[in-house]
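Required output: the full structure, derived from the provided sequences and hints.
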Amino acid sequence: MIMKLLALLVIPLLLLIVNSDVLYFYSANNFFYVTNVMQPQEYNNFNFINNNYILSSSSYTSSNNGSIIILGYMATLPPKPNTYYTINSTSFEINVPTYSKLYIIPIIYNISNSSPKLAFSNISLTFIGRSSHIFSLVNNGNALNKTFCLQLLNNFYSVNIIWCLSAPQPPPGTYYANIFMMIVVSISGANYVYFWNLSITQIIGLPPPPPQPYTYIKEYQLNQIEIVKIIDSLYS
187 MIMKLLALLV IPLLLLIVNS DVLYFYSANN FFYVTNVMQP QEYNNFNFIN NNYILSSSSY
247 TSSNNGSIII LGYMATLPPK PNTYYTINST SFEINVPTYS KLYIIPIIYN ISNSSPKLAF
307 SNISLTFIGR SSHIFSLVNN GNALNKTFCL QLLNNFYSVN IIWCLSAPQP PPGTYYANIF
367 MMIVVSISGA NYVYFWNLSI TQIIGLPPPP PQPYTYIKEY QLNQIEIVKI IDSLYS
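Each residue of the sequence shown is one higher than the one before, counting from 187 in the numbering used here.
Incorrect hints may appear among the rest.
[As the list claims (entries may be wrong)] Mimicking DSSO-like on lysine-lysine, the simulated pairs with C-alpha atoms at most 30 Å apart in a straight line are:
{"id": "1", "residue 1": "Lys-332", "residue 2": "Lys-415"}
{"id": "2", "residue 1": "Lys-332", "residue 2": "Lys-303"}
{"id": "3", "residue 1": "Lys-415", "residue 2": "Lys-287"}
{"id": "4", "residue 1": "Lys-287", "residue 2": "Lys-332"}
Simulated from the structure, these hints should not be mistaken for laboratory data.
If you want it as structure tokens, here you go:
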């Protein structure tokens with residue numbers, strides 16, 4: 187396994203047009219490579235979820251730099267007037283290097299309003315390993331645009347997505363949340379860079395595929411300089 191991983195790391199990213207789960211950045215030589223380290227897997231549905239799916243794809247070219255999706259998530263909720271949901275939605279699993287550090291850096295918040303506040307009062311990610319760690323992306327209707335850090339003590343985690351709608355509940359089919367995040371797993375000078383997209387929306391009935399902006403970000407471009415600046419800021 188170690189030899190296989192090392193073999194993947196020696197492929198220069200700038201020379202290829204590739205499909206991969208992650209960008210690999212090594213501080214010592216400022217080179218980007220590609221590898222497969224952290225692959226999300228879908229759990230079974232949780233209560234109240236009619237339909238859900240996870241999209242995972244990523245690509246890199248020398249022309250558009252890092253345009254990557256690691257996770258696209260969409261959940262369809264049954265319409266229940268005057269009902270407020272606090273839902274532990276579909277979980278996914280990740281495998282990471284033990285004793286590394288994981289950073290969550292929100293890049294884009296795109297959340298509908300339920301005047302005069304956000305339609306979602308809370309959105310959080312719960313990492314479950316030996317113990318549970320909760321990171322609130324939205325708290326009391328406010329987007330928390332800050333960096334979160336988790337010291338990884340084991341190499342396997344389940345990640346739960348939890349959210350709660352604001353009261354009074356927005357009209358069915360009118361609310362959505364889209365949060366685009368940069369994820370960095372740092373160990374021994376190596377930085378594994380991922381991009382996760384979390385989307386939550388409600389759809390009534392059996393419509394055609396949901397609107398693209400509410401389902402996933404097809405492509406978001408961060409150039410290499412911006413990525414390196416974000417990584418450097420984690421150590422400042």
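Of the numbered hints stated earlier in the document, which are not met by this structure?
none
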